[in-house]
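Assemble the whole structure, with the sequences as input and the hints as a guide.
Protein sequence lines correspond, in order, to chains E and L.
The first sequence begins at 1020 in my numbering and counts up by one.
The second sequence begins at 1020 in my numbering and counts up by one.
Incorrect hints may appear among the rest.
One copy or two, either will do: identical chains are not told apart, so a pair holds if it fits within one copy or between any two.
[To be verified] As a list, the in silico DSS-like pairs of lysine-lysine whose alpha-carbon atoms are at most 25 Å apart: (1) 1092 <-> 1167; (2) 1335 <-> 1089; (3) 1335 <-> 1107; (4) 1189 <-> 1237; (5) 1264 <-> 1478; (6) 1164 <-> 1089; (7) 1516 <-> 1291; (8) 1092 <-> 1164; (9) 1139 <-> 1089; (10) 1167 <-> 1442; (11) 1189 <-> 1442; (12) 1189 <-> 1073.
Honestly, the hints are just simulated from the structure, not real lab data.
Predicted model, so just to flag it, every value in this text is computed and none were measured.
2 protein chains.
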Amino acid sequence: MAASSSSSSYIFLILLFVILCVEPSQTKSIYLPRNNFQSSLLVNKHEKTKMPFKVHYFPQILDHFTFLPKSSKVFYQKYLINDQYWNKDGGGPIFVYTGNEGNIDWFAVNTGFMFDIAPKFNALLVFIEHRFYGDSMPFGNNSYKSAKTLGYLNSQQALADYAVLIRSLKQNISSESSPVVVFGGSYGGMLAAWFRLKYPHIAIGAVASSAPILHFDKITPRSSFYDAVSQDFKEASLNCYEVIKGSWAELDALSTHEDGLIEVSKLFRTCKGLHSVYSARDWLWEAFVYTAMVNYPTEANFMMPLPAYPVEEMCKIIDGLPKGASRLSKAFAAASLYYNYTQTEKCFNLEGGTDAHGLHGWDWQACTEMVMPMTCSNESMFPPTSYSYKEFAQDCKKRYGVEPRPHWITTEYGGYRIEQVLKKFGSNMIFSNGMQDPWSRGGVLKNLSASIVALVTQKGAHHVDFRSETKNDPDWLIMQRKQEVAIIQNWLDEYYKDLKQN
Amino acid sequence: MAASSSSSSYIFLILLFVILCVEPSQTKSIYLPRNNFQSSLLVNKHEKTKMPFKVHYFPQILDHFTFLPKSSKVFYQKYLINDQYWNKDGGGPIFVYTGNEGNIDWFAVNTGFMFDIAPKFNALLVFIEHRFYGDSMPFGNNSYKSAKTLGYLNSQQALADYAVLIRSLKQNISSESSPVVVFGGSYGGMLAAWFRLKYPHIAIGAVASSAPILHFDKITPRSSFYDAVSQDFKEASLNCYEVIKGSWAELDALSTHEDGLIEVSKLFRTCKGLHSVYSARDWLWEAFVYTAMVNYPTEANFMMPLPAYPVEEMCKIIDGLPKGASRLSKAFAAASLYYNYTQTEKCFNLEGGTDAHGLHGWDWQACTEMVMPMTCSNESMFPPTSYSYKEFAQDCKKRYGVEPRPHWITTEYGGYRIEQVLKKFGSNMIFSNGMQDPWSRGGVLKNLSASIVALVTQKGAHHVDFRSETKNDPDWLIMQRKQEVAIIQNWLDEYYKDLKQN
Chain E
1020 MAASSSSSSY IFLILLFVIL CVEPSQTKSI YLPRNNFQSS LLVNKHEKTK MPFKVHYFPQ
1080 ILDHFTFLPK SSKVFYQKYL INDQYWNKDG GGPIFVYTGN EGNIDWFAVN TGFMFDIAPK
1140 FNALLVFIEH RFYGDSMPFG NNSYKSAKTL GYLNSQQALA DYAVLIRSLK QNISSESSPV
1200 VVFGGSYGGM LAAWFRLKYP HIAIGAVASS APILHFDKIT PRSSFYDAVS QDFKEASLNC
1260 YEVIKGSWAE LDALSTHEDG LIEVSKLFRT CKGLHSVYSA RDWLWEAFVY TAMVNYPTEA
1320 NFMMPLPAYP VEEMCKIIDG LPKGASRLSK AFAAASLYYN YTQTEKCFNL EGGTDAHGLH
1380 GWDWQACTEM VMPMTCSNES MFPPTSYSYK EFAQDCKKRY GVEPRPHWIT TEYGGYRIEQ
1440 VLKKFGSNMI FSNGMQDPWS RGGVLKNLSA SIVALVTQKG AHHVDFRSET KNDPDWLIMQ
1500 RKQEVAIIQN WLDEYYKDLK QN
Chain L
1020 MAASSSSSSY IFLILLFVIL CVEPSQTKSI YLPRNNFQSS LLVNKHEKTK MPFKVHYFPQ
1080 ILDHFTFLPK SSKVFYQKYL INDQYWNKDG GGPIFVYTGN EGNIDWFAVN TGFMFDIAPK
1140 FNALLVFIEH RFYGDSMPFG NNSYKSAKTL GYLNSQQALA DYAVLIRSLK QNISSESSPV
1200 VVFGGSYGGM LAAWFRLKYP HIAIGAVASS APILHFDKIT PRSSFYDAVS QDFKEASLNC
1260 YEVIKGSWAE LDALSTHEDG LIEVSKLFRT CKGLHSVYSA RDWLWEAFVY TAMVNYPTEA
1320 NFMMPLPAYP VEEMCKIIDG LPKGASRLSK AFAAASLYYN YTQTEKCFNL EGGTDAHGLH
1380 GWDWQACTEM VMPMTCSNES MFPPTSYSYK EFAQDCKKRY GVEPRPHWIT TEYGGYRIEQ
1440 VLKKFGSNMI FSNGMQDPWS RGGVLKNLSA SIVALVTQKG AHHVDFRSET KNDPDWLIMQ
1500 RKQEVAIIQN WLDEYYKDLK QN
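Here it is, written out as structure tokens:
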């Protein structure tokens, strides 16, 4: 079996780095190999069969914020329910996962935390799929066709979907007074936090794991993401960091050789001859970035099967190779851990995605409202890049026929003073972040008030707290989850206290 | 000069009572005479010349919540600026009126309170017009053409307009750190309160005068509005209340006469013969409802020129007429005060509006999201009516081709538990209400927390606190405004204290 260069649907990151850090002139050729969304969905469909959920479809309204004749068109939004632990009459809460950019089954599988704590809380579990992902396609197979259909894909519509669905669900199951807590990881964590801000009458609290809500406009320094990836590798081994940092120039040099493509294909053990050296660059890049994100303390299979602390493992590979070997060959060997930890690959497919449509949701979202500018600084282990909003916007305009709205997210949800605003006017939120995760740099990293709490772990990675508990979990992770449970319990206690008084 | 039956643009009320309290079978014939929106705008355009404002137009985006190709269409939103009292460097705040359903000039003229307090605060005054009203027409003369254009008219889009405009304005005048306080009366007060809830990062506080935010779904009893109108008249004189209550049957009896229309035309001194007895009914109804709303303690000219405490004056007229006179003739005499206080009318036009389009904004809003069901109880002085959502929805569907979304407002902004939610999660809001105003019954009438304050006056009417001060203002009104000033000052003090600390 040959490993494709991105067999997970972790689009959130993929597209950001593709769009925003690589020079704009190169974005176009880079997109396609990465659009493996459809294939990953197929993988997820298999996972579905194992899931302890009932699948439901909610007749959702297409456009909550206009009343045009076509706004009231109904589409079927998928959601998953597990009521095996629910004790409604005993005051059990409703735990809702606010789905992000992918198939909801995949998020359900990878948010074992909610399952693990459901029995303690007697909670009903609900996972709602984000519109335009998975099976929740407002225009069926035509959903990604153009801006005329994709135009309905954005975060405000998604939040309104959740509000309408939750209200209706509570009415249908006669549990209007059951408290709702929303959970989300990554973009889903942003949605959970924003939902709590905008719909405090629907959710009594939000657990937002690895939610980079400060990654817009210039709130977070633009180079911080790639600096953080680099920091992970540097901490593991200075030599490792330097080898990777030096490997790009060797790849560039090869690209000028007459037989450069052949040499690179050989070095990277590609199944087919490469069409572009950039494919090798992206393949490496992706491996390092993803591995930093999922630098989990235990063996895990979120993006790809990987050992515990995979960044350290990659660096061990690099440090263990003979001094004379080229930096590029060392980088390749390290990246192979990401693509082939299971040792089942005989060769690698660096090019060619399987998404026949050539479009998918996050790509659109990044070109409209989710504008998170990023650069690579001289200190990072990646080739330095600058950011040109103009070129980015031109590219989006060319691809979709729409202009990005780069200041909209901070206008709608709060910008530079968002932390002060949360401190004063928000409440009942947990922002959990692991500093191994480069997204943590755009997260809320300090307590803002008694009820807006930042849980930061130095050794944590991308929403590691949301993963199922394992017998190998380190103490800091066990402790973090315990804190989350205690805080949620406080919210519920307070809710029921208030309810009695009113 | 002949007085038209509704020469003000106070559509908010007009349409609610037309749509929701009169039997649905009658709604259609009743609409047209009331659609005098355009004529009232002409009146307002004259007022404009006297206004101490500079007129500006902001390039506003058509649809904030989708990214369809046409969503980014720009229209020009009118706003008024007065900077004569502003001391930006001295910490002067920005006071923004969140325009409601009419020409912004009219609201500016009738919100003298903001002018009166601007010097004390060194405040910049900004009045922003609501989309689809006045000059802020996204599709020019075609804006009211059909649901395809009107579909963009709703409260969420309006709030987003205000957010985008305020952010841009602050940037343009280099006053990013100036605190913004939003003000609004009636529907504008609902917008101010909701703006504070949804955009706490943009407005540090909201003064919501006579804002019936609890008038949705079944939060407020459906008969409360007309019961409150009736209560005003009953308090002025029991006989007055009974005369009006009895007048409708006399009108109904006349309508069955062969020469009924002629008799009614004669009795009501109409300029032209009537086509329907219902016109007389509406004419009376409107006079009583509006007079209750604007039962101000001083002579005023908001809807129409009226004396101080006009309900009492109406009842004096009724009580002063000979016992033998018919109830209907007494009701007519009382209503004449509303239409002819200046004694310049020789005859009355009870039929025929001047709105050539036959459509206007609030009518649409009431048929989409602003669904506030009302009935007339047996205890009211109006003919008892029930409410059928089904018929209401059918009528809206027939007229506009869209379905109302009767639960959307409470989903988006909070419903049954909204007061608890405000108490816990809101802050810095003033809800002022006068109990003479029937809309007060859907308002927030008790303090919810230290910073969500209800200022209720027993003798106050529809946003009386927002009117310019006069030398005849009663003590309770002077006191109410003083409290508002003190609370706003607290918000500003706190804001600057926080700013220093961060």
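Problem - Intra/inter-copy verdict for residue 1092 and residue 1164 if alpha-carbon distance must be at most 25 Å - result: both (17 Å within a copy, 21 Å between copies)
Practice task
At 25 Å max between alpha carbons, let me know whether residue 1189 reaches residue 1073 within a copy, between copies, both or neither.
Solution key: within (16 Å within a copy, 50 Å between copies)
Handout entry: Intra- versus inter-subunit Cα pairing at 25 Å for residue 1516 with residue 1291
Key = Close neither inside one copy (65 Å) nor across copies (65 Å); limit 25 Å.
Problem - Same-copy or cross-copy closeness of residue 1335 to residue 1107 [CA-CA at most 25 Å] - result: neither (51 Å within a copy, 60 Å between copies)
Exercise for the section: Since the copies are identical, ignore which copy is meant and state whether residue 1092 and residue 1167 lie within 25 Å (CA to CA) inside a copy, between copies, both or neither. Expected result: So residue 1092 and residue 1167 pass the 25 Å test inside a copy (14 Å) and across (14 Å) alike.
Exercise for the section: First find the shortest C-alpha distance between residue 1167 and residue 1442 inside one copy, then the shortest across copies, and answer within, between, both or neither for a cut-off of 25 Å. Expected result: neither (39 Å within a copy, 41 Å between copies)
Practice task
Tell me, please, which holds for residue 1335 and residue 1089 at an alpha-carbon limit of 25 Å: within, between, both or neither?
Solution key: Close neither inside one copy (57 Å) nor across copies (54 Å); limit 25 Å.
Problem - Up to 25 Å CA-CA - residue 1237 versus residue 1189, copy category - result: between (40 Å within a copy, 18 Å between copies)
Problem - Homo-oligomer pair classification [residue 1089, residue 1164; C-alpha up to 25 Å] - result: both (17 Å within a copy, 16 Å between copies)
Exercise for the section: If the cutoff is 25 Å on CA atoms, where do residue 1264 and residue 1478 land: within, between, both or neither? Let me know, please. Expected result: Classified as within: same-chain Cα gap 23 Å, cross-chain 76 Å, threshold 25 Å.
Practice task
Up to 25 Å between alpha-carbons, please classify residue 1189 paired with residue 1442: within, between, both or neither.
Solution key: So residue 1189 and residue 1442 pass the 25 Å test across copies only (23 Å; inside, 30 Å).
Exercise for the section: First find the shortest C-alpha distance between residue 1139 and residue 1089 inside one copy, then the shortest across copies, and answer within, between, both or neither for a cut-off of 25 Å. Expected result: neither (44 Å within a copy, 50 Å between copies)
Comparing the model with each numbered hint stated earlier shows that hints 2, 3, 7, 9, 10 do not hold.
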